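S.K.: Each chain, written out:
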Amino acid sequence: MNKSKILFVDDEKRILRSLDAAFKFEDEFEVYTSNSAEEALRLVKGDQFHVIISDQRMPEVTGVELLEKVREVSPNTMRILLTGYADMDAIISSINEGEVFRYITKPWNNKELKDTVYQASRIASQYLNEATPLSKTKKEDHTPDFIKGTEIPILSDPLEISANVITQDNTNINICESLQEGILVLEFDEKAKSISEFVKTEYESQYPISIAHNMDQTIESLSQKKIAVVVACLGTGRGEISTLLKLLKKEYPLANTLAVADRADADEAIALINQGQVYRYLPKPVSKGRLKLSINSALVYYNKCKQNPTLLARHFVESVQSEQEPSPWLDRFVSAMSKLTRRKVD
Amino acid sequence: MLGQITRSPKTKTFLISTLILCAISSLGFLYFKTKININTYNETTAQIRALSQLDEAWNVEVLKSSANLSHNYDNISKLSSKSRQLKQNILSSELNKKSQDMKILKNSLDHYIKFLNEKEVQTEYYKSSEAILRNSERFLPEIIEHTIDNIRSSNPDIASDLSKLKSKIYNYILFSDKADRMLSYKTIARIKSKIKFIEKEEIRLSISNILSHVEVILELKPKLEEYLNNIILSGTHQASSRLLDNYSSHYGLLIKEAANYRLALLVYSAALLVTLLFLANKLRLSYIKINHSNKKLQSVNFKLKDLNDNLEHKVKERTNTLSKTLNQLKNSQMQLVQSAKMAAMGQMVAGIAHEINTPLGYINGNVETIECFFSKIFQLISQISETLVLIDKNGFNTFQTQQAIKHLTKQIKTIQEEEYEPQVKELIADMQYGLNHIDDIVINLKNFSRMDRAEFSKFDLHQGIESTLKVAHNSTKNTCQIVKEYSDLPKIECISSQINQVLLNLIINACDAINETNNKIEKKRMGLIKIKTFCKNSHVFIEVQDSGCGIDEVTLKRMFDPFYTTKDVGKGTGLGLSITSKIIKNHKGTLRVTSKLGIGSKFTIGLPIHQSNNIHQNKSSEPLLLVG
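Those protein sequences? They're chains A and B, same order as listed. Quick note: the first sequence uses our numbering, first residue 865, plus one each step. Quick note: the second sequence uses our numbering, first residue 115, plus one each step.
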């Protein structure tokens, strides 16, 4: 078995030394370090890396910017952000643009970091070790196919999977025609009504729309209907909703979750990355175009994952670390989920 | 308009007082007119009557005297003098004064007086004539008898004539018959014609004497009678009664007039009374009104007082509310400043967290790594000791021992191959570096926390610069060279930690400016910071000059504004220079900046050696942030 190539990027050489020392004697890893984003990008372009772990604050280029470029250049490389600075913008763009696998804060724990990196490398190696090396033509080709949306490619090549390729919002309609699954809007708060209204007017003709105002309704919807995309309004009771999103991802990774937060919360967002693999995190104010684009993109990605369930591994989540007491709805949720999974299996 | 308003009450008062005066004077006039002195009238009337009676008595006396009933004139004189007195009384009485106005009364009075005067004159005439007459009458009979007796013999003729005359005269005296008088005169004429024939002188003389006496009698008797008549019929009585009549009628008129006036007075009084009543009523009404309005006023006053009290209360309440609001405002302002500070601090803390998290991250990682190494090494050591025990027990050349040594050697070789030692050394050095870095940061934080407790004290600026440079060493060491140009400075009164903060801020800014230049040209080259101190006119000056990028005009204008920063997020709070300027201001110092783009900037701080009186003021100065 080949060693997984992992790349650490940080402008602080001591960090790199420390990481190198920690990882170099692990048999699974072939450790590379780079103290500049430029060099890192060069390395990624030149070779297939399983995992890239980047610092956020670097001179000239931020970690998210680097990871976004890496995602374009090498989409199968798992992206992890390792940062000592909880910058809200960085977190949000790491979700929406970087689509990072994990967001890890400094100081890190060697063992945990190793576990995470190991997980990521295992996921990445599923594709990288089988896949033909990245060719430039393929990379250029896949994007227009999606935009035209005439047909859904059979996702034998995992490299063609990218959730964010859709940049025009009128492309999804045909693509997702075959979807029987619907959109669930979690709207526990009156203030978020505009979101559900928007979703209704935009998607009602094509998708079944469910709107849940409380946890019971949510669980009912989830157990009775196939849900492709969950649009969750994080306002009142956002902790509970966050937990639900995380659990949902764990139990039913096929559904993509969008969190519309009336107020950005760094810890919440980080937890939603690591434990919930939230597809998009949109702090208010959200423009309709942005929301539509995000939902379309989520629908497309749902379809892709459905076609190619191996993709779901990329969104493997950490177990939920909720400080809250076990929610009363948890059991019902789990049973509903198991039914859902069973049904799906059937 | 205003003048009229102010004058009109005066005019009104004047008018009203005039009116009242008129009313009173007319009342007085009317009263005066109704007042008739009945006593005067009675007195005067009595006097007139007395005079009239006197007059009567006078007449009686005169008649008495003429009838020879009284032989002297004492009574008459008494009466006439009395009458004169009365007359004078009357003349001096009111009547005379009044009669001046009244023609009839005057006429009658004058008439009366005239009559009285005439009567008096006549009386005097009468008195004198009568005296003569009486004298003649007394002498005549005697002489005549005597003469007759004398001449009877001699001159019977004459004697008869004489006796004839004598009877005639007696008759005349008694009866005053004119015929007797005529006869007497004839007789006298006859006697006179005969007298010359008398030889005797003596008789002749006596006869002529007689004759003259007779003549006197004849002469005076009618006169006397005339006088008497005049006296008796002098008309005084009529005049008196007329006067009385006139007077009484005048008086009646007066009474009538007075009655009229009384009526007028009555009417007037009535009118006045009505007016007064009206006025009184009006007064009462206005009093009632006033009372009413007074009551109203009182109630209003009371209300006002109440309101006033209320107002005070309200004002107090409002003041309380206001002061509360003010306090709240102050609080919220403080909170705002505080939250701005907290935001800045949050930013700084985030920066510091990053700064600390970075070394903390690798220290943490290194510790784990080293622990891992050490566990291997400890494992090796235990194997060594086991091998040593084996050697000790079995001897060196046994197979078992050899195997163990072989294993050990292999392990040691692995460790050596994996370069544990240099790696561990490196990791430990990194950790030391990281710990130092954290230490620096903590020192900065400590300085920051000391800021609030700052107090003015004597401070050696050079020492401050040196310690600041030490704190800033981390930033300066890879950026620039420090050139110091110190001259002798006295210790200055200042808040040392604040001055250090200013110095640190300026030095860090200088470093940043140099780094900025390096970033622009994408080359790392050592910059230069020159720190110069000098003393001039009770002020000390510190110049911090850098070879950095310089400051553009926009920034020059705004760089002392709070939260204005040109630095990257997390690097600067935008408070450094604003706090710097505030600190300098608190120290009554000056701060001057000169800058040229691409060449560098120079910050010059001037600080007074002595702080005069703002020491206490500055104790309570706001907490200031340390900004790097």
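These aren't lab readings, by the way, just hints derived from the structure by calculation. All values derive from a computational prediction rather than experimental measurement. Hints are supplied without guarantee of correctness; some may be wrong.
[What the hints assert, rightly or not] On the chain B side, residues computed to face chain A include the following (Cβ under 10 Å):
id	residue
1	Pro255
2	Ser413
3	Val414
4	Asn441
5	Val481
6	Thr483
7	Phe487
8	Val538
9	Asn633
Cβ coordinates follow ideal geometry from the N, Cα and C atoms, glycine included.
S.K.: Against each hint, give a clear statement of whether it holds in the structure.
M.R.: Now for the hints, and whether the structure bears them out:
The beta carbon of B:Pro255 is not positioned within 10 Å of any beta carbon in chain A (closest approach about 175 Å), and the interface hint is therefore violated. A least Cβ separation of about 56 Å between B:Ser413 and chain A goes past the 10 Å threshold, and the interface hint is therefore violated. Against a cut-off of 10 Å between C-beta atoms, the interface hint on B:Val414 is violated, since the closest Cβ of chain A lies about 55 Å away. Given the 10 Å rule on beta carbons, the hint for B:Asn441 is violated: about 30 Å separates it from the nearest Cβ of chain A.
Satisfaction of the interface hint for B:Val481 is found here, the shortest Cβ-Cβ separation to chain A being roughly 9 Å, below the 10 Å cut-off. Interface hint at B:Thr483: satisfied, since its Cβ lies 4 Å from the closest Cβ of chain A, which is below the 10 Å cut-off. About 9 Å separates the beta-carbon of B:Phe487 from the nearest beta-carbon of chain A, less than 10 Å, and the hint is met. Residue-level restraint check for B:Val538 holds (minimum Cβ-Cβ distance to chain A is 9 Å; threshold 10 Å).
At about 8 Å, the closest approach between the beta carbon of B:Asn633 and any beta carbon in chain A falls short of 10 Å, and the interface hint on this residue holds.
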